[in-house]
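2 protein chains.
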Amino acid sequence: MKYSEYFIPTQKDTPSEAEIISHKLMIRAGMIKQSSAGIYSWLPLGLRVLKKIENIVREEQDKAGAIELLMPTIQSADLWIKSGRYKDYGKEMLRIKDRSGREMLYGPTNEELITDIFQSHISSYKDLPKNLFHIQWKFRDEVRPRFGVMRGREFLMKDNYSFDLDEDSAKISYNNMFSAYIKTFLRMGLTPISLRAETGPIGGNLSHEFQILASTGESTLYYDKELETLNPNTIDPEKLQSFYAAVDDQHDEKNCPIEKENIKISKGIEVGHIFYFGIKYSEKLNAYVQNKDGKNLPVHMGSYGIGISRLVGAIIEAYHDDKGIKWPLSVAPFTLSIINLMPEDKNCSDTAESFYNKFLEQEIDVILDDRICSIGKKLSDNELIGVPIQLIIGKRDLNEGVVELKNRLNNSSKKISLDSAINNILSETKI
Amino acid sequence: MKYSEYFIPTQKDTPSEAEIISHKLMIRAGMIKQSSAGIYSWLPLGLRVLKKIENIVREEQDKAGAIELLMPTIQSADLWIKSGRYKDYGKEMLRIKDRSGREMLYGPTNEELITDIFQSHISSYKDLPKNLFHIQWKFRDEVRPRFGVMRGREFLMKDNYSFDLDEDSAKISYNNMFSAYIKTFLRMGLTPISLRAETGPIGGNLSHEFQILASTGESTLYYDKELETLNPNTIDPEKLQSFYAAVDDQHDEKNCPIEKENIKISKGIEVGHIFYFGIKYSEKLNAYVQNKDGKNLPVHMGSYGIGISRLVGAIIEAYHDDKGIKWPLSVAPFTLSIINLMPEDKNCSDTAESFYNKFLEQEIDVILDDRICSIGKKLSDNELIGVPIQLIIGKRDLNEGVVELKNRLNNSSKKISLDSAINNILSETKI
Numbered sequence: 001m002k003y004s005e006y007f008i009p010t011q012k013d014t015p016s017e018a019e020i021i022s023h024k025l026m027i028r029a030g031m032i033k034q035s036s037a038g039i040y041s042w043l044p045l046g047l048r049v050l051k052k053i054e055n056i057v058r059e060e061q062d063k064a065g066a067i068e069l070l071m072p073t074i075q076s077a078d079l080w081i082k083s084g085r086y087k088d089y090g091k092e093m094l095r096i097k098d099r100s101g102r103e104m105l106y107g108p109t110n111e112e113l114i115t116d117i118f119q120s121h122i123s124s125y126k127d128l129p130k131n132l133f134h135i136q137w138k139f140r141d142e143v144r145p146r147f148g149v150m151r152g153r154e155f156l157m158k159d160n161y162s163f164d165l166d167e168d169s170a171k172i173s174y175n176n177m178f179s180a181y182i183k184t185f186l187r188m189g190l191t192p193i194s195l196r197a198e199t200g201p202i203g204g205n206l207s208h209e210f211q212i213l214a215s216t217g218e219s220t221l222y223y224d225k226e227l228e229t230l231n232p233n234t235i236d237p238e239k240l241q242s243f244y245a246a247v248d249d250q251h252d253e254k255n256c257p258i259e260k261e262n263i264k265i266s267k268g269i270e271v272g273h274i275f276y277f278g279i280k281y282s283e284k285l286n287a288y289v290q291n292k293d294g295k296n297l298p299v300h301m302g303s304y305g306i307g308i309s310r311l312v313g314a315i316i317e318a319y320h321d322d323k324g325i326k327w328p329l330s331v332a333p334f335t336l337s338i339i340n341l342m343p344e345d346k347n348c349s350d351t352a353e354s355f356y357n358k359f360l361e362q363e364i365d366v367i368l369d370d371r372i373c374s375i376g377k378k379l380s381d382n383e384l385i386g387v388p389i390q391l392i393i394g395k396r397d398l399n400e401g402v403v404e405l406k407n408r409l410n411n412s413s414k415k416i417s418l419d420s421a422i423n424n425i426l427s428e429t430k431i
Numbered sequence: 001m002k003y004s005e006y007f008i009p010t011q012k013d014t015p016s017e018a019e020i021i022s023h024k025l026m027i028r029a030g031m032i033k034q035s036s037a038g039i040y041s042w043l044p045l046g047l048r049v050l051k052k053i054e055n056i057v058r059e060e061q062d063k064a065g066a067i068e069l070l071m072p073t074i075q076s077a078d079l080w081i082k083s084g085r086y087k088d089y090g091k092e093m094l095r096i097k098d099r100s101g102r103e104m105l106y107g108p109t110n111e112e113l114i115t116d117i118f119q120s121h122i123s124s125y126k127d128l129p130k131n132l133f134h135i136q137w138k139f140r141d142e143v144r145p146r147f148g149v150m151r152g153r154e155f156l157m158k159d160n161y162s163f164d165l166d167e168d169s170a171k172i173s174y175n176n177m178f179s180a181y182i183k184t185f186l187r188m189g190l191t192p193i194s195l196r197a198e199t200g201p202i203g204g205n206l207s208h209e210f211q212i213l214a215s216t217g218e219s220t221l222y223y224d225k226e227l228e229t230l231n232p233n234t235i236d237p238e239k240l241q242s243f244y245a246a247v248d249d250q251h252d253e254k255n256c257p258i259e260k261e262n263i264k265i266s267k268g269i270e271v272g273h274i275f276y277f278g279i280k281y282s283e284k285l286n287a288y289v290q291n292k293d294g295k296n297l298p299v300h301m302g303s304y305g306i307g308i309s310r311l312v313g314a315i316i317e318a319y320h321d322d323k324g325i326k327w328p329l330s331v332a333p334f335t336l337s338i339i340n341l342m343p344e345d346k347n348c349s350d351t352a353e354s355f356y357n358k359f360l361e362q363e364i365d366v367i368l369d370d371r372i373c374s375i376g377k378k379l380s381d382n383e384l385i386g387v388p389i390q391l392i393i394g395k396r397d398l399n400e401g402v403v404e405l406k407n408r409l410n411n412s413s414k415k416i417s418l419d420s421a422i423n424n425i426l427s428e429t430k431i
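Protein chains in written order, with the numbering used here: chain A, 1 to 431; chain B, 1 to 431.
What the hints contain is simulated information worked out from the structure, not anything from laboratory work.
Please read all numbers here as calculations on a predicted model, not as lab measurements.
Hints are not guaranteed to be accurate.
What the hints assert, rightly or not - Each computed DSS-like pair below joins lysine-lysine, with the alpha-carbon atoms no more than 25 Å apart:
#	chain 1	residue 1	chain 2	residue 2
1	A	Lys52	B	Lys51
2	A	Lys126	B	Lys183
3	B	Lys377	B	Lys12
4	A	Lys12	B	Lys126
5	A	Lys377	B	Lys126
6	B	Lys225	B	Lys24
7	B	Lys51	A	Lys63
8	A	Lys377	A	Lys12
9	A	Lys346	A	Lys430
10	B	Lys183	B	Lys126
11	A	Lys52	A	Lys346
12	A	Lys2	B	Lys323
13	B	Lys82	A	Lys33
To be verified - Computed footprint of chain B on chain A; a stretch qualifies when at least three of its residues, placed anywhere within it, have a C-beta under 8 Å from a C-beta of chain B:
#	segment
14	5-12
15	59-69
16	89-100
17	394-402
Just so you know, even glycine gets a beta-carbon here, dropped at the ideal spot from N, CA and C.
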């Protein structure tokens, strides 16, 4: 991608309506544009990050054996009336009447619809367990939408639903998703902290929420420091669930089960939530399966959500400095930016183009900053949008046979020879 | 993917509400489930096809230089009131009041919103031309939703919008999209016929619609037979636009400009529509750009739509027989099905598993039909869901050192030696 032909409308001024750093930076970096309160257009740079996060979530769901489908955004009220949640949901649900006066709604979650799909097609224990997920836009008509995409009204969520014959089997599905969640967040460069949680309006008696650490986070977490040293290859969900972790208003220093020196205190942001709620929906929506003995039993369900659009903001809260965003490699909109400081100079342009073509061949996500503008603007825009690896090509450097290689994550930079640039960068772009 | 662990709820009975073959087959093949009138859930098999089509559309847009972003589904009524279309759109627009009584709507198209994004960020001829697209769910509250996903209410569309300084440049953008559309449909195995069209409520004076040929199509087309022999590498949009093509009610045999023997008559289905409408929206929504002389001019716009969810139905209308769907390779949910006729037999299962793992390694989209069910059901399900290449593994064949290779597109089948199977199939799966 060439910067001059792309569409990244960065801006210097901090928008007055933005209260938190991720919202400010997303607008300043030209990632989003508000279209109405709590509703955003995702500009090209924002969409690239959203898609990278979505793909990581999808891959980890696939690996965990979940099956992808896609439910619509607009639902009929009928199933919600049956489940009893049509009234419960209150004003947060966006209610709609279609042209023939039927009561519809914009799905805030999908327990009802997925239970209906399940019960239409599956009726035997032989087809269990099943775990179905989708990645779809949801709408929750918040009283006070704010914090940009962190608490928007229209938001992208991955939600899945597990179906099992009994509670024991359902807990295996629950733990399987627990592990998948930890792996998902680790792949994004985040530190996930899992906390036992209230089930709230979803129902049930077993639930965990996942927070990720960020110095500017909304919650204060107290947790066993062991939780910070997770290895994605050896996740044991039951062991993890036994570690201590609590948000500040639940933490009781005197009765805390672990010693003070093992406790860490950090700020966090909620990015996922999982529930086991048993037969709450299957009984009401008639989702029964026959067991080995021919007996019909309501299926045991769990539901599992990750806020994909919210994660874009959450990752920025975890990775930024006063110059802008510092994307972890796995979710960066571009892995590498080739910054041509002097597009009018033939040597600079030829060198930059040649590097650009070589990295395209290597299938690196690369952007060539070929804009004709001041060197200052060019460097600060690249810092703002936060491309993790930056190859800076200047006239004086080229005369000395070197280019500058900058790592945005730690803001280190070094001069390297032209010959060694490709290998140097390829080794840094490995995720 | 193993069939036994996946979720493809095929059914024998033809659903009574389905009038056309694609709707019948999509339900019978377990691709979709209706959730309300004209609103569908995409079950796993349907979603796979939808994604393949979406990706082809996206890749051809990328190649044509269009830039992807993503606008929300819910819009404020404000911009539509400004453009004058809030009233014009009538009952087909799904109108919503949010919790604070603001008038909102579910976007049926996006001219207003994209023009607003453009005018907020672009104000100079130096940033032109620009072509922005998104792939997002739309809603049109049809009086009589029918024909399954061919005329649904909630549907997936790729729409893009070109911005140019003047009419000449806008027509270059228009022709660029015209070519991209032809290439897009050819890649899906379809024969696109372009027709000069009315501009309708979008406005403007230049428009083409794209139909694809299908024996069960809704329109009857009269067109120059040359239009059936397009080479994607040598598309000349201006030449193509000069060929004769008309729908039946516009065709006038006596005044037809080409000779009768050069005319072909076939059934078609509309799958795309492009418009050049000049400054209709830019004037009303204040999208002006400065030209070289510092003068502010309203930007010239075009819009371009492809019905992605509609294409799933349209392709089935073009590719089916009395046994089911016959997917072209490029959009097939799976490229290859390995059908193990005797999962209880160790030799059959070992052979099937070994093939399965080899094709997974080769990154072929493969499904292993390992279900324990009758041979008849297994073969007919695979015919119904229409996997283009089917490798059938039976006990007797294996004793003779052969397997059966079936091509669903022409229903031919041959016995091949075990040794030659991999190479045989790899050469057939090349798209």
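Hint-by-hint comparison with the structure:
no., hint, verdict
1, A:Lys52 with B:Lys51, "holds (16 Å)"
2, A:Lys126 with B:Lys183, "violated (45 Å)"
3, B:Lys377 with B:Lys12, "holds (10 Å)"
4, A:Lys12 with B:Lys126, "holds (20 Å)"
5, A:Lys377 with B:Lys126, "holds (17 Å)"
6, B:Lys225 with B:Lys24, "violated (31 Å)"
7, B:Lys51 with A:Lys63, "holds (19 Å)"
8, A:Lys377 with A:Lys12, "holds (10 Å)"
9, A:Lys346 with A:Lys430, "violated (31 Å)"
10, B:Lys183 with B:Lys126, "violated (29 Å)"
11, A:Lys52 with A:Lys346, "violated (35 Å)"
12, A:Lys2 with B:Lys323, "violated (49 Å)"
13, B:Lys82 with A:Lys33, "holds (19 Å)"
14, 5-12, "holds (count 4)"
15, 59-69, "holds (count 4)"
16, 89-100, "holds (count 6)"
17, 394-402, "violated (count 0)"
Going down the numbered hints, you'll see the structure goes against 2, 6, 9, 10, 11, 12, 17, while the others check out.
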